[in-house]
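Student: Kindly produce the complete structure, drawing on both the sequences and the hints.
The listed protein sequences derive, respectively, from chains A and B. Under the working numbering, the first residue of the first sequence carries the number 1, and numbering increases by one thereafter. Under the working numbering, the first residue of the second sequence carries the number 142, and numbering increases by one thereafter.
Bear in mind the hints are in silico, worked out from the structure with no lab data behind them. Any given hint could be a false lead.
Here are the simulated PhoX-like pairs of lysine-lysine, each with C-alpha atoms no more than 25 Å apart in a straight line [claimed, not checked]:
1) A/Lys125 - B/Lys158
2) B/Lys237 - A/Lys47
3) A/Lys47 - B/Lys188
4) A/Lys17 - A/Lys72
5) B/Lys188 - A/Lys125
6) B/Lys266 - A/Lys17
7) A/Lys96 - B/Lys158
8) B/Lys266 - B/Lys237
9) B/Lys158 - B/Lys188
10) A/Lys72 - B/Lys158
11) A/Lys125 - A/Lys72
12) B/Lys158 - B/Lys213
13) B/Lys213 - B/Lys266
14) A/Lys47 - A/Lys17
15) A/Lys125 - A/Lys96
16) A/Lys96 - B/Lys188
17) B/Lys213 - A/Lys72
18) A/Lys125 - B/Lys237
19) A/Lys17 - B/Lys237
20) A/Lys47 - B/Lys266
Simulated restraints on C-beta separations [stated by the list, open to error]:
21) A/Lys17 - B/Gly240: 18 to 24 Å
22) A/Gly78 - B/Ser206: 22 to 28 Å
23) B/Glu175 - A/His13: 35 to 41 Å
24) B/Gly219 - A/Ile106: 16 to 22 Å
25) A/Ile106 - B/Arg252: 24 to 30 Å
26) B/Asp178 - A/Leu64: 42 to 48 Å
27) A/Ala93 - B/Thr157: 25 to 31 Å
Stretch by stretch, here's where chain A covers chain B in the computed footprint (C-beta under 8 Å, at least three residues) [said to hold, decoys possible]:
28) 219-225
29) 235-247
Keep in mind the model is a prediction, meaning the values are calculated, not measured. Just so you know, even glycine gets a beta-carbon here, dropped at the ideal spot from N, CA and C.
One-letter residues, chain by chain:
Protein chains: 2
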Amino acid sequence: MLTRIDHVGIACHDLTKAIGFYEATFGLVVVSRETNDDQGVSEAMLKVADAPAGAQYVQLLEPLSPDSPVGKFLARRGEGVHHVGYGVADISAALKSIGGAGVRLIDSRPRHGSMGASIAFLHPKDVGGVLTELVQAPPPA
Amino acid sequence: MLTRIDHVGIACHDLTKAIGFYEATFGLVVVSRETNDDQGVSEAMLKVADAPAGAQYVQLLEPLSPDSPVGKFLARRGEGVHHVGYGVADISAALKSIGGAGVRLIDSRPRHGSMGASIAFLHPKDVGGVLTELVQAPPPA
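Tutor: Encoded structure:
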């Protein structure tokens, strides 16, 4: 069902500073920068690698406000890994299967994610404490 | 420098139960199970995907004792993402470059990791709160 680790989502206080760190230290390159008002974040996708099943990214997330989900995460836990995103070929089928296995779905239907992807989150309490995201990449342009 | 997201390391209280969950819910398959006395963990590697630069895994970690690093992590934060492992082609060169950029190295020289890999950890305080591992895969058999 899972085709790859699509990205690791990392919460940070200062997006520009975090981007600079990942660029300078690890040689990653920003391929997308977006503001997602729905999720209350300003974010950047930095490419780690290309692969046949789709690229892999570090996703850096700065909250737009302290009362957004990422803002609350930072207040509670500090900077660090916020979630893990896995690629799937068919997100609707994956949600049906995973929901059927008893995992609570934060998004019962896919919504818009970074770079045109369809995404959905699973409840961390049902995934061993890991906020887990499914990602279906957009069709090739 | 980074060739892929090699794995996401996830701390759990009960390795057998966590393996069963990832197998049943996401269809992952255990490819290795080891006890690492140095790190104080019993662990399993579950393959997410193969790729030209190397496979990607979910690594499940159960502490061997409460006073091991993963045991202390669980006591402090509960189950969840413990670290992120990135593939590198040459771990010694990567450590030299990253250490030279001012990141403190938990392991200044590579040591033995899962499935014959050479690994080294970077200090999370210098990597935005993320315990970061470098992984150089063993040469093909």
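Student: Confirm or reject each hint.
Tutor: The hints, checked one at a time:
1. A/Lys125 - B/Lys158: holds (15 Å)
2. B/Lys237 - A/Lys47: Holds, at roughly 22 Å.
3. A/Lys47 - B/Lys188: holds (21 Å)
4. A/Lys17 - A/Lys72: The hint holds at about 20 Å.
5. B/Lys188 - A/Lys125: Roughly 22 Å between the alpha carbons, so the hint for B/Lys188 and A/Lys125 holds.
6. B/Lys266 - A/Lys17: holds (15 Å)
7. A/Lys96 - B/Lys158: Given pair A/Lys96, B/Lys158 holds - Cα atoms ~22 Å apart, limit 25 Å.
8. B/Lys266 - B/Lys237: holds (18 Å)
9. B/Lys158 - B/Lys188: Within the cut-off at roughly 17 Å; holds.
10. A/Lys72 - B/Lys158: violated (30 Å)
11. A/Lys125 - A/Lys72: holds (17 Å)
12. B/Lys158 - B/Lys213: holds (20 Å)
13. B/Lys213 - B/Lys266: Distance of about 17 Å is within 25 Å: holds.
14. A/Lys47 - A/Lys17: holds (17 Å)
15. A/Lys125 - A/Lys96: holds (18 Å)
16. A/Lys96 - B/Lys188: holds (22 Å)
17. B/Lys213 - A/Lys72: holds (23 Å)
18. A/Lys125 - B/Lys237: violated (39 Å)
19. A/Lys17 - B/Lys237: holds (22 Å)
20. A/Lys47 - B/Lys266: holds (22 Å)
21. A/Lys17 - B/Gly240: 18 to 24 Å: holds (20 Å)
22. A/Gly78 - B/Ser206: 22 to 28 Å: Holds, since A/Gly78 and B/Ser206 (Cβ atoms, about 26 Å apart) stay within the stated range.
23. B/Glu175 - A/His13: 35 to 41 Å: holds (37 Å)
24. B/Gly219 - A/Ile106: 16 to 22 Å: With a Cβ separation near 18 Å, B/Gly219 and A/Ile106 satisfy 16 to 22 Å, so the hint holds.
25. A/Ile106 - B/Arg252: 24 to 30 Å: Violated - the Cβ-Cβ distance for A/Ile106 and B/Arg252, about 38 Å, lies outside 24 to 30 Å.
26. B/Asp178 - A/Leu64: 42 to 48 Å: holds (45 Å)
27. A/Ala93 - B/Thr157: 25 to 31 Å: holds (28 Å)
28. 219-225: Result for this restraint: holds, n = 5.
29. 235-247: holds (count 3)
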